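**Q** Respectively, the protein sequence lines represent chains A and B.
Residues in the first sequence are numbered from 3 upward in steps of one, following the numbering used here.
Residues in the second sequence are numbered from 3 upward in steps of one, following the numbering used here.
It should be emphasised that the hints constitute simulated quantities derived from the structure, not laboratory data.
Certain hints may be false.
[Unchecked claim] The calculated lysine to any residue pairs, modelled on SDA-like cross-linking and capped at a C-alpha distance of 25 Å, are: (1) B:Lys283 - B:Asp224; (2) B:Lys255 - A:Gly159; (3) A:Lys262 - B:Lys249; (4) A:Lys249 - B:Pro196; (5) B:Lys245 - A:Gln198; (6) B:Lys223 - B:Gly267; (7) B:Lys223 - A:Gly159; (8) A:Lys255 - B:Glu254; (9) B:Lys245 - A:Gly205; (10) B:Lys154 - A:Val221.
[To be verified] Computed footprint of chain B on chain A, listed as stretches where at least three residues anywhere in the stretch have a Cβ under 8 Å from a Cβ of chain B: (11) 87-98; (12) 101-115; (13) 118-124; (14) 173-182; (15) 190-198; (16) 251-258.
[Stated by the list, open to error] Residues from chain A that keep clear of chain B, each with C-beta distances beyond 12 Å, as calculated: (17) His20; (18) Glu36; (19) Lys52; (20) Lys72; (21) Tyr81; (22) Ser142; (23) Thr156; (24) Ala185; (25) Gly217; (26) Gln226; (27) Gly228; (28) Tyr280.
All figures in this text were calculated on a predicted structure; none of them were measured in a lab.
Note that CB positions come from ideal geometry on N, CA and C, so glycine has one too.
Number of protein chains: 2
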Amino acid sequence: MKIAWIGTGVMGKPMALHLADAGHEVSVYNRTLEKARALGPKVKVCESIKELVKGKDVIFSIVGYPSDVKEVYDEVMTYADAQTILVDMTTSSPKLAIELYEKAKKRGLSMIDAPVTGGDLGAINGTLSIMVGGDEKTYSKILPLLEKMGSKITYMGKAGSGMHAKLANQTVIAGNIIGIAEALTYAQTKNLDPYQMLEVIVGGSANSWQAAKNGPKMVQKDYQPGFYLKHYLKDLKLVLEEKDDLKLPIVEKVAEIYQKLYDLGFKDFGTQAVIEYYIQKLM
Amino acid sequence: MKIAWIGTGVMGKPMALHLADAGHEVSVYNRTLEKARALGPKVKVCESIKELVKGKDVIFSIVGYPSDVKEVYDEVMTYADAQTILVDMTTSSPKLAIELYEKAKKRGLSMIDAPVTGGDLGAINGTLSIMVGGDEKTYSKILPLLEKMGSKITYMGKAGSGMHAKLANQTVIAGNIIGIAEALTYAQTKNLDPYQMLEVIVGGSANSWQAAKNGPKMVQKDYQPGFYLKHYLKDLKLVLEEKDDLKLPIVEKVAEIYQKLYDLGFKDFGTQAVIEYYIQKLM
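Just chain A, same shape as in the assembly:
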């Protein structure tokens, strides 16, 4: 198939290359062109979205913020051929996903929302979990492509449902990561060995992916981003935007904590830097 790919960051780069490796003809575009060129000879680099989208079967995107998604698809929908399938894999606004789905439909295009979890390693290893929203018929057409990028693909329902599922996933992580931070802080004030403490945590009913992966990083104050704090804050804000009159006190509190860290200059660190809120007593 002829594939267009928009956004070749930490996630987009390996994902696009998996499609090229599977034998598809992949063209890529990135706002910072050097990042697109870094994908090497397996893909064609285009210098504009207009150039990129012509004559393609499927157009994928994975960019930063909902505002970037909006901007990208304003252009995509202006220039894409009729019947092209559009797939946004950014973690973005469900409301925007529904809006774009409707807009695409009016122009004879099909749109799918398909955000992912699994981080940079999942993208590199092709083991992402992908949550899909949109028409099931369109979904089945692109499923073979998604299977090149992920090992767990879940169709969640109509347009926007992929985004909702991703936001619910991020909600679980909010409680999870902050619970670990509070526990490690408590343990530290009681002079417990943090590594033994982590062993206890991952060895029983408090175990989690976050404890295993981010727990040791919190202890070592290793704030290298696996997942950027600024992107996680964006996700939490999307939950708060979308929750309507539902009360989610923990997400609210965790978003407030991440906002504080963002404001204090931690935005380009990993989500595990939340432990600094407790170390520095920022409350």
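Assemble chain B onto chain A, guided by the hints.
**A** Structure of chain B alone, referenced to chain A:
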């Protein structure tokens, strides 16, 4: 060895039986005597703590609340022979554990705090995780006994450290379980299939022991206690009592939520009943 066991509830019963099965001479006492008698012919049932503790090498206890621990050890320390080792496995107050350790020492006894995680199944299968505080020399003497009950034994340091480690463990779970409840509630308001949602959660970076075990129960509104809500609330209150001037906003909020559920009659349900706070909009 000659062993005394106090408290033969859901946890204590299988734990005491493991020691009997290992060939030790086990005598048991329980406030409600029928529960002690339910252990069958492998153990001797005593009708008072005074009768129980005479001539024993090690005395174990696992009861409900710190007030029960205090009451039990007032008697134990009055009647126990010199040099007996006392092991409290209740999740109880670290301050009380230190107090009892000092009091035991003055009377020529040794005291260990050794709370557990792993639930009723861990107790039955002998796969508990046990966190130990007290003198290392005493710890090494009872380690072979602990190994009959648990598969993961961690020495955390001086008296009270086992209790602190357990409270830190419960702190992790606080964030974890409430994050799952908020996520499932959000997903439900967005008409996502809850089982598919759980699959997404356990299939990626939001995965946890709590999501795997309590997630499905929340969805099915199955509130049978694996771990009693009233006992978990007790644990959270102990964290708040012990944290001194440390600020732990998530534990505070989660304790407030569980208190509300406790007050509304949910105390004998499992911890997963926290989802009712969101279903019934109790905030």
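**Q** The structure should be examined with respect to each hint, and the outcome stated for every one.
**A** Taking the hints in turn, this is what the structure says about them:
{"no.": "1", "hint": "B:Lys283 - B:Asp224", "result": "18 Å, holds"}
{"no.": "2", "hint": "B:Lys255 - A:Gly159", "result": "33 Å, violated"}
{"no.": "3", "hint": "A:Lys262 - B:Lys249", "result": "15 Å, holds"}
{"no.": "4", "hint": "A:Lys249 - B:Pro196", "result": "19 Å, holds"}
{"no.": "5", "hint": "B:Lys245 - A:Gln198", "result": "20 Å, holds"}
{"no.": "6", "hint": "B:Lys223 - B:Gly267", "result": "16 Å, holds"}
{"no.": "7", "hint": "B:Lys223 - A:Gly159", "result": "23 Å, holds"}
{"no.": "8", "hint": "A:Lys255 - B:Glu254", "result": "11 Å, holds"}
{"no.": "9", "hint": "B:Lys245 - A:Gly205", "result": "24 Å, holds"}
{"no.": "10", "hint": "B:Lys154 - A:Val221", "result": "22 Å, holds"}
{"no.": "11", "hint": "87-98", "result": "violated (count 1)"}
{"no.": "12", "hint": "101-115", "result": "violated (count 0)"}
{"no.": "13", "hint": "118-124", "result": "holds (count 4)"}
{"no.": "14", "hint": "173-182", "result": "holds (count 10)"}
{"no.": "15", "hint": "190-198", "result": "holds (count 6)"}
{"no.": "16", "hint": "251-258", "result": "holds (count 5)"}
{"no.": "17", "hint": "His20", "result": "18 Å, holds"}
{"no.": "18", "hint": "Glu36", "result": "29 Å, holds"}
{"no.": "19", "hint": "Lys52", "result": "35 Å, holds"}
{"no.": "20", "hint": "Lys72", "result": "21 Å, holds"}
{"no.": "21", "hint": "Tyr81", "result": "32 Å, holds"}
{"no.": "22", "hint": "Ser142", "result": "16 Å, holds"}
{"no.": "23", "hint": "Thr156", "result": "5 Å, violated"}
{"no.": "24", "hint": "Ala185", "result": "4 Å, violated"}
{"no.": "25", "hint": "Gly217", "result": "9 Å, violated"}
{"no.": "26", "hint": "Gln226", "result": "16 Å, holds"}
{"no.": "27", "hint": "Gly228", "result": "9 Å, violated"}
{"no.": "28", "hint": "Tyr280", "result": "8 Å, violated"}
In summary, the numbered hints that this structure violates are 2, 11, 12, 23, 24, 25, 27 and 28.
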